[in-house]
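Using the hints, put the two standalone chains together into the complex.
If you read the sequences in order, they're chains F and S. Reading the first sequence from the start, the letters are residues 2 to 260 in the working numbering. Reading the second sequence from the start, the letters are residues 6 to 394 in the working numbering.
Just so you know, the hints here were simulated from the structure itself, not pulled from any lab data. Mixed in with the good hints, there may be bad ones.
Among chain S residues calculated to face chain F with C-beta under 7 Å, some are [unchecked claim]:
#, residue
1, Val22
2, Leu28
3, Arg31
4, Gly60
5, Cys95
6, Cys98
7, Phe99
8, Pro114
9, Gly139
10, Ala141
Anything over 10 Å on all C-beta distances counts as not near chain F; from chain S, calculated [unchecked claim]:
#, residue
11, Arg86
12, Met122
13, Gly255
14, Arg283
15, Tyr315
16, Pro323
17, Ala327
Here the structure is a predicted model, which is why all the values come from computation and not from measurement. All C-beta atoms, glycine included, are put in the ideal place defined by N, C-alpha and C.
The primary structure of each chain is shown beneath.
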Amino acid sequence: MQLDVMTDDSIDTSRVNVGPAERWLSVVAGGALAAYGARRRDVPGGLAAAAGAALLYRGTTGYCPISERIGRDSGHGYGHPAFADGGSDTREQLGGARGIHVEDSVTINKPVAEVYRFWRNVENLPQFMNHLQSVSMRENGVSHWVAKGPAGTRVEWDARIINEIENKVIGWQSLEGSTVSTAGSVNFDETPRGTQVRVHLQYNPPAGKLGAAVARLFGEEPSAQIREDLRRFRQLLETGEIPTTAGQASGRGRETGRW
Amino acid sequence: MKAVCWEGTNNIRVEHVPDPEILNPRDAVLRITSTAICGSDLHLYDGFIPTMRRGDILGHEFMGEVVETGRGVTNLKKGDRVVVPFTIACGQCFFCRQQVYSCCDNSNPNAWMQEKMYGYTSSGLFGYSHMMGGYAGGQAEYVRVPFADVGPFKVPDSLTDEQVLFLTDIFPTGYMAAENCDIRKGQTVAVWGCGPVGQFAIRSAFLLGAGRVIAIDTVPERLRMAIEGGAEPLDSMDPDLFEKLKVTTGGIGPDACIDAVGMEAHGAHIDSYYDKVRTAIFLATDRASALRQAIHCCRKGGVVSIPGVYGGFVDKMPMGAAVNKGLTLKMGQTHVHKYLPKLLRHIENGDIDPSFVITHTVAIDEAPHMYETFRAKKDGCIKVVLKPH
Numbered sequence: 002m003q004l005d006v007m008t009d010d011s012i013d014t015s016r017v018n019v020g021p022a023e024r025w026l027s028v029v030a031g032g033a034l035a036a037y038g039a040r041r042r043d044v045p046g047g048l049a050a051a052a053g054a055a056l057l058y059r060g061t062t063g064y065c066p067i068s069e070r071i072g073r074d075s076g077h078g079y080g081h082p083a084f085a086d087g088g089s090d091t092r093e094q095l096g097g098a099r100g101i102h103v104e105d106s107v108t109i110n111k112p113v114a115e116v117y118r119f120w121r122n123v124e125n126l127p128q129f130m131n132h133l134q135s136v137s138m139r140e141n142g143v144s145h146w147v148a149k150g151p152a153g154t155r156v157e158w159d160a161r162i163i164n165e166i167e168n169k170v171i172g173w174q175s176l177e178g179s180t181v182s183t184a185g186s187v188n189f190d191e192t193p194r195g196t197q198v199r200v201h202l203q204y205n206p207p208a209g210k211l212g213a214a215v216a217r218l219f220g221e222e223p224s225a226q227i228r229e230d231l232r233r234f235r236q237l238l239e240t241g242e243i244p245t246t247a248g249q250a251s252g253r254g255r256e257t258g259r260w
Numbered sequence: 006m007k008a009v010c011w012e013g014t015n016n017i018r019v020e021h022v023p024d025p026e027i028l029n030p031r032d033a034v035l036r037i038t039s040t041a042i043c044g045s046d047l048h049l050y051d052g053f054i055p056t057m058r059r060g061d062i063l064g065h066e067f068m069g070e071v072v073e074t075g076r077g078v079t080n081l082k083k084g085d086r087v088v089v090p091f092t093i094a095c096g097q098c099f100f101c102r103q104q105v106y107s108c109c110d111n112s113n114p115n116a117w118m119q120e121k122m123y124g125y126t127s128s129g130l131f132g133y134s135h136m137m138g139g140y141a142g143g144q145a146e147y148v149r150v151p152f153a154d155v156g157p158f159k160v161p162d163s164l165t166d167e168q169v170l171f172l173t174d175i176f177p178t179g180y181m182a183a184e185n186c187d188i189r190k191g192q193t194v195a196v197w198g199c200g201p202v203g204q205f206a207i208r209s210a211f212l213l214g215a216g217r218v219i220a221i222d223t224v225p226e227r228l229r230m231a232i233e234g235g236a237e238p239l240d241s242m243d244p245d246l247f248e249k250l251k252v253t254t255g256g257i258g259p260d261a262c263i264d265a266v267g268m269e270a271h272g273a274h275i276d277s278y279y280d281k282v283r284t285a286i287f288l289a290t291d292r293a294s295a296l297r298q299a300i301h302c303c304r305k306g307g308v309v310s311i312p313g314v315y316g317g318f319v320d321k322m323p324m325g326a327a328v329n330k331g332l333t334l335k336m337g338q339t340h341v342h343k344y345l346p347k348l349l350r351h352i353e354n355g356d357i358d359p360s361f362v363i364t365h366t367v368a369i370d371e372a373p374h375m376y377e378t379f380r381a382k383k384d385g386c387i388k389v390v391l392k393p394h
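In isolation and in its complexed conformation, chain S is listed as follows (with noise of 0.2 Å):
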């Protein structure tokens, strides 16, 4: 089959590799229907995340049709058509038990590379480094789907792929940011980064009741979209950012501020060069000028959100206002199985259409060009939908 392969930084290829078989007796094999490039496939892109190899297949944004089940998935047949959360869940260990699905204890076949990084392990993904687990990705013709009776969510014909495609990652993740949030009616969210993750968190938080969303981006169809989506916009490399939400909110700050930039942002402060310099020479991994702009922005007693991908070490984090002003952070991988059935039903009743997000159709030939525009935030490119057939 074809399949998306990262072949170093910067080197991704469309390569012609085995198809997937089934290894265990709760896997399924999907034939993908439509898959997406995410903002987070870019970190690997870019050569951000440890732990990737030559030949790893790319993508964890994917749906399709069941053609194969092993004996333990009964739940399944041939030809279901499925949605696949990004996140590897066993349903069966203390932490799905508790809904949080991305910690899960049982997926990730590398925990130990994890638990050297980061203490202990969180779930496996799909086609996100060995260190998440090596699970080979669905930017492919064809995807090995493990656990496949707690994973994979049926969608009913009357939806089209577009529809409940961001429903694997980028719709809970934005709405997962929101909730986090733990909005009041009526309160002020400032989102940071208005690609796809910023576009479904300001949708969420208005969902959420939200008076007031703040879009904080400084590429202008980002921020066109934002504010077709309700949200107010403001420009991340004004100097005078700070001010310009301080008086928008009567002196007082945004109730809630979201990072959905993560580990390579770029912003206008002297932070974000010093970033650029230590990351430059291996002092720091992470570049976090979005999260530092948001602890500093966040009224006291306010929560900050992080749906941002980061993998290493933060330098300078303001601590000291975080602490002061009492803030709350609230951070994670999405436990996309929790808030995957609610959102199908606000998809359902027309509360929301995910495909807005969509600028770009493409077969799976183009992935590497596409990988290129996006990157670059060419052609107006904010999210990538790839046909593999």
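Here chain F stands alone, though its shape is the one from the complex (with noise of 0.2 Å):
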């Protein structure tokens, strides 16, 4: 994911009004729509092309017609002064230093339609995602997922899925307003080795305390983490547990199964 798009001069930065999290969300999803539009050389095929297409403009521009017909700006507020400066870093717009941008692919010997079924229960996520203490369901089709912070704290939000196609992609988006700004996107693609699963995680870390609690949910390495997730993700579907020493006999008394 080449994040440095979003840094084109020749963008007049005072009409942006799309916000760093959602910029960068759109240009995910819109080049997943984009491709999957692109490859079903069909009508409907065509509009999701399209779609996907507006998606990525409205992600590198950070300009929305839409939202400034409504009234909607999700690009200022942010507390990002770069951002407003004209938008120069793109770390800074989407977070900062500490901000944290995962991608990471697995691929797994299931059919597509179980392996997407199991991650659009987003419940079941905490199971193979260490960050994540838990995923519940709300009304409206808003989650609330809670992260297990350093040193026992949680970090709460609440999301929404805001883009879906079935067996394709799944994306998903914290709420205006939430306290974190994060946002993902899972493709999945059918190969002749089973379900490739493409994965982008973005959390936006707000100042403060909090701010740094979200920065350090992956730990030190933000892309081994998740590795090991999709790992865990693929052990679980394929084999139904995740392999395990924890607990065993050894020499050292019991084992915490870890290195």
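Now the structure itself:
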């Protein structure tokens, strides 16, 4: 994922009315939608591709004509001076140096419908995503997410699925006004080796203590964490369990299973 | 329970440790009736395998009775007598479906360690370092077996422990080494190393149609055992080894060569001294003189098959010989699950009785002493079976 597509100086930043997380998500979801649509080569595919292109435009320029029409602006008020200054540093725009953006993929030897269904039930995610404590469904498609912060703290937010094509893609995003600005998307592709799952996750930590907690959700190496998450996802779906040595006997007594 | 624990290089002790428990739905716990020391355990004893920790329970060749099963295991019941492959396989991943069980994607809880070293992970193994999963081994009174609905194979009561125990590793390992040679009827196979795996490679080569097998070692009782298996002996310390192999094959060379020695080879050639120096100062990790000889001696267009264990990096590989002679190199940890049923039938049919390889049977308390005896090849030691109960 190239983030620097968002730094085009030719863009009139006064027109920016889409927030950093939303822009990022628009690029991801738009790209996925456009790729999906282009591959279908039929009328619904063409529509999907067009919608994807619009999202891509919205993401890369930070300008959304629809938002402007309805008077919505998520592009200001995030407290990122660099962004207001004209967006010269995308890392700043996307949550500063502490922002987390990870991307990885895994191939699972199961039919795409089964893999999609498991992920679509977002309450399943904490079974393999170690940074999550729980995800519970609330009303109107809103889900409540609780993540394990450092030193026993908890970080919570509400999110909703904002993009969904069955057996193809799921995108979600924290609600406007959440303390944590986060978004993610998963693409599912059928391959001869099984279902290829591609994941993007973004966390934009707010300022202050909570921000520090969010920044440390994934520990020192976010990309290594997500790789382990996806490995557990594959293990769980393919074998029904996650292999472990935690609790086994050894000359050191009962093991923790940690190296 | 009692268990044989690795307490550091050259330090193995029998310790009292907690009994194993079911940790996952597809687990089983076995009461071990027989367990063996493998030649590859000596690599641990000698400190050649990284990511060992003090207190690790050793052992990957074991069999016993099922005493407990997890709720996901429906094909086994209490009292079943089973042998357990040393490679742990989930049975459901892409690799297990291709029957390359030792490449199982899902059975290694420490996959990230191997990924750092090898790019991708292999299956978990019992009692063979944390990089290989950190699973407690079976040189103990009891053992926990993960994916027990795939791994353990029931064995008939008509066969003794000694006849079926080696289905867990060395028989399938020798057999896969021979099968990898792609033997056509009447061909000649040369086997470096007449330890237990070499012995099974020799007998398997004949089972697969080899006309001649040449056994290369320098330990008299091992060569004698090879001769009993039908092989022709050659001394591995003979400086004219290449010439002798060439002459005895009519100037052609062996059709296939098996390296059943692995990373701790002792040779008589200059390269083996070079290896000793390089590994001593950590410029290489594995000594590979048997492998180099196998590549050098193999006929053009032949196969070099490597059941011997290598863990890290090999220096001075004769790639020029391998490329210009058009050799095929085949290797890998054994896909035990694939071979086990077929080899059990061979035993039941009386084609082979694997107990021939056993030289010592002792109580588990004797294990530390037997590691030393086995490594020093003292007392005619070729294969040690431990009785935990």
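Going through the hints against the structure:
Because the closest C-beta pair between Val22 (chain S) and chain F is about 5 Å apart, less than 7 Å, the hint holds. Because the smallest distance between the Cβ of Leu28 (chain S) and any Cβ of chain F comes to about 5 Å, under 7 Å, the interface hint for this residue holds. Hint status for Arg31 (chain S): holds, given a least beta-carbon distance of 6 Å to chain F, under 7 Å. Against a cut-off of 7 Å between C-beta atoms, the interface hint on Gly60 (chain S) holds, since the closest Cβ of chain F lies about 3 Å away.
Because the closest C-beta pair between Cys95 (chain S) and chain F is about 4 Å apart, less than 7 Å, the hint holds. Annotation: interface hint on Cys98 (chain S) holds; nearest CB of chain F at approximately 5 Å, less than 7 Å. Against a cut-off of 7 Å between C-beta atoms, the interface hint on Phe99 (chain S) holds, since the closest Cβ of chain F lies about 5 Å away. At its closest, the beta carbon of Pro114 (chain S) sits 5 Å from a beta carbon of chain F; the interface hint therefore holds under the 7 Å criterion.
Here the hint on Gly139 (chain S) is kept, as its CB sits about 5 Å from the closest CB of chain F, short of 7 Å. Satisfaction of the interface hint for Ala141 (chain S) is found here, the shortest Cβ-Cβ separation to chain F being roughly 5 Å, below the 7 Å cut-off. The beta carbon of Arg86 (chain S) is kept farther than 10 Å from every beta carbon of chain F, the shortest such distance being approximately 23 Å. Met122 (chain S), annotated as away from the interface, keeps every beta carbon of chain F farther than 10 Å; the closest lies near 13 Å.
With a closest Cβ-Cβ approach of about 47 Å to chain F, Gly255 (chain S) is found to remain outside the 10 Å limit, as its non-interface label requires. With a least beta-carbon separation of about 28 Å from chain F, Arg283 (chain S) lies farther than 10 Å from that chain, consistent with its non-interface assignment. Against the 10 Å criterion, Tyr315 (chain S) stays outside the reach of chain F, whose nearest CB is about 23 Å from its own CB. Every Cβ of chain F is farther than 10 Å from the Cβ of Pro323 (chain S); the closest lies at roughly 35 Å, confirming the non-interface assignment.
Here Ala327 (chain S) stays apart from chain F, with its beta-carbon at least about 30 Å from theirs, past the 10 Å limit.
The structure shown violates none of the earlier numbered hints.
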